[in-house]
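Undergrad: Build the full structure now, drawing on both the sequences and the hints.
There are 2 protein chains.
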Amino acid sequence: MDHFKSYLSFQRLIKINPAQTLALGFLVLIFIGTMLLMLPGATKDRNYLSFIDALFEATSAVCVTGLVVVDTQSTFTLFGQIVLMLLIQIGGLGFMTFGILIALFLGKNIGLKGRMMIQESLNQISLEGMVKLVKFVVGFTFLIEATGAVILSIRWAPDFGFPNSIYYGIFHSVSAFNNAGFDIMGNFNSVTSYVGDATVILTLSSLLIVGGIGYTVILDLIKKKSLRKLALHTKIVLLITFILNITATIFILFLEYNNPGTLGELPLKEKILGAYFHAVVPRTAGFNSLNTADMTLSSQFLTMLLMFIGGGSGGTAGGIKVTTFAVIILAVGTIIRGRDDVEVMGRRIPKELIFRAFSITIYSAFIVLLILFILTITEKGVPLNVLLFEVISAFGTVGMSLGLTPDLSPTGKVLISLMMFIGRVGPLTLAFALAKANKKQAVKHAEERIMIG
Amino acid sequence: MDHFKSYLSFQRLIKINPAQTLALGFLVLIFIGTMLLMLPGATKDRNYLSFIDALFEATSAVCVTGLVVVDTQSTFTLFGQIVLMLLIQIGGLGFMTFGILIALFLGKNIGLKGRMMIQESLNQISLEGMVKLVKFVVGFTFLIEATGAVILSIRWAPDFGFPNSIYYGIFHSVSAFNNAGFDIMGNFNSVTSYVGDATVILTLSSLLIVGGIGYTVILDLIKKKSLRKLALHTKIVLLITFILNITATIFILFLEYNNPGTLGELPLKEKILGAYFHAVVPRTAGFNSLNTADMTLSSQFLTMLLMFIGGGSGGTAGGIKVTTFAVIILAVGTIIRGRDDVEVMGRRIPKELIFRAFSITIYSAFIVLLILFILTITEKGVPLNVLLFEVISAFGTVGMSLGLTPDLSPTGKVLISLMMFIGRVGPLTLAFALAKANKKQAVKHAEERIMIG
Ligand SMILES: [K+]
Ligand SMILES: [K+]
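Going down the list, the sequences are from chains A and B. Position 20 of the first sequence, counted from 1, bears residue number 65 in the working numbering, the numbering being contiguous throughout. Position 333 of the second sequence, counted from 1, bears residue number 378 in the working numbering, the numbering being contiguous throughout.
Derived by calculation from the structure, the hints in this document are not laboratory data. Take every hint as true, because none was put in to throw you off.
All copies of an identical chain are treated as equivalent in the list; a pair is satisfied when it fits inside any one copy or across any two copies.
Each computed EDC-like pair below joins lysine to aspartate or glutamate, with the alpha-carbon atoms no more than 16 Å apart:
hint, residue 1, residue 2
1, 280, 388
2, 396, 385
3, 425, 339
4, 89, 116
TA: Structure, rendered in structure tokens:
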């Protein structure tokens, strides 16, 4: 409580907003992580990491992305791996708790209606309530991670031996819940050995869905007894998550059914599990049970779209978020039908939120295209789909790759690190800036119209 | 005058708006063109076009795109070529004059402020004024086209012989002013033989810039004596056109300077001419003096961005339009700085226009990505950059290609035809729908907020 109050005074003193505090905190964490990963004890066989490689790995962990320039299992010692796991856990939790702080500030800035929304979804706006909420988020995180770790430890006992399997269970449970996508399976393999293993696939996918859906949804589901009474936000996130996962599973199944590099050789049950996992992980876990590079261009394209969309707000997921996606789809549909108000499930979406959704989408597309353009210059000879996949993966903090990451030029590594950082804190900062923008400016210029479209 | 009034009564009778009338008119024109191009007399050596090929060619001409599945010069007889030229001319003029009608309707729908804008930029809103304006547009078109034809006919007299060069002059002048990109140079060569020829390059580029900048800008420039008094619309279009052309020239020069497939072997003067032409044509002429397929991926990417942006509203150009591009850039900049009003050159851009710009951009990106996704399924084995280039070229009615067009599958040809049509009438229809949306809906649902980003 007192700590939080003194944080607020400190913040007023140096005049930075919560989003900026988050960005700064992440930078410090990345710097510490970089130093730790460069220590001789962090890597096996004196394979000391270069500064750029260590920076890349630390950024990838803190931003829960999972893109890697070296194979985690064969490169890092136990110490190095635990550093990565801690960076993931602090990065994931830090993002969620700062999300709460930012939601609180948004509530203050957007007036009574905004506060009512936050009261409805969080049922708290007082500082006391917020501290309680942070405690809930932390407790919930550890509870779910522990559950996942137990299931995975038992499943993996025959494969990695006991008690070694406990470490594997904890590492992958933390990585999955935080949507980090780091694995210690070796040889850049991710979980491809378990493509048809229902226990591993369903445990990991449940962890990453729960982690990526956002704490407001979790809270709302816990507090409300009836489905009807759920907040609009909860309903939209659940519905879109469901639709995207089902649709993507069907598409991947259809597109890869006969592809010998992916689903082609598998029995039907494993085909379905493989398609389902690949439909779920791009938003934004980043594990893979199929070799993404061997997929059809259609599936790679679909994966890129899913990576760009990402998960729910206020969770461990990245991307523009499912609500943003839903609102722009609804808005464009409304416009084409020549109507004015964007309506869904008997409710009207406020104009300012539609504007915010458009802004975040366009800003995200800008950043992705800008970094992509620079990479076409620095990474000569790499096909467009491989480059675009890498950039969107970094932006959405997904961590899937068509295999480019270890082969990136030093400039490329710095650019992708930057993209991971921007992808993580950018949209949130933007949402914050947008909420602040409601304060009127002092001088009003005269309006003048121009022709659009 | 009377014709126009009876059109208005007819329109009220069947309840379609001008944008829908335009779409219908284009469909009828495409159908007539398809039939004409399938006639035995339209093609040389009994190379009768299939229905799909004729449909593709007619759509490409009416929508002034310039993508071709067969080489225009070697496939079509003089009759066939003249059919194409007429389709281009009617398509181009039809679009411009309907643009005026739509601007008039927009003016009626968007209230007093909107009318003042149209009065300012067109200086007319009465029916009499509109008929005068249409006459001006038609007269101006023929004047500029005639000028271009004379210069090109003289230049080409040694190459194609007199009076044959007159035909070449007229065809390419009409094609350039209407930003159609069709050529009769043979062998899919476009104007690559004239990469270093200042007369050809500067004449064609001047024609396509004037045609693509929009009649409101032309009118404003003719009527206003001083640069200071120009409408905001005019200033923005001129400034962005200038910036895009200069920046793109420098980038292309830099990116292709040593590329032996494009600028590498040319003397400096021709390098600059080649870079300049390639910077200008993607918005949205579609001629090419360099082989686009041999360009670096960076240049191809830059070309795609330019094709997506397109030219000015109310001209022969396609794409989202330079004003839309300017407004979203300004809006995102404003948002990131945490400010509220989008301001430029001492004026404020109305909120509703910003919304319109966002909508058109997102809608366009949707359509491009949707068609692209289907093409990854129908055109197996084609790299992403080649497919994306083709789709954006069709959407922006540009007509450049990395060589895919003649090799498209029948489904692919239909999809690209559809894309050319949507790219041509879609954004305008959308702008119209958006303007109508200002009418309030009868039933208002309760507002409910959700978390965005
Ligand atoms: K990830
Ligand atoms: K064109």
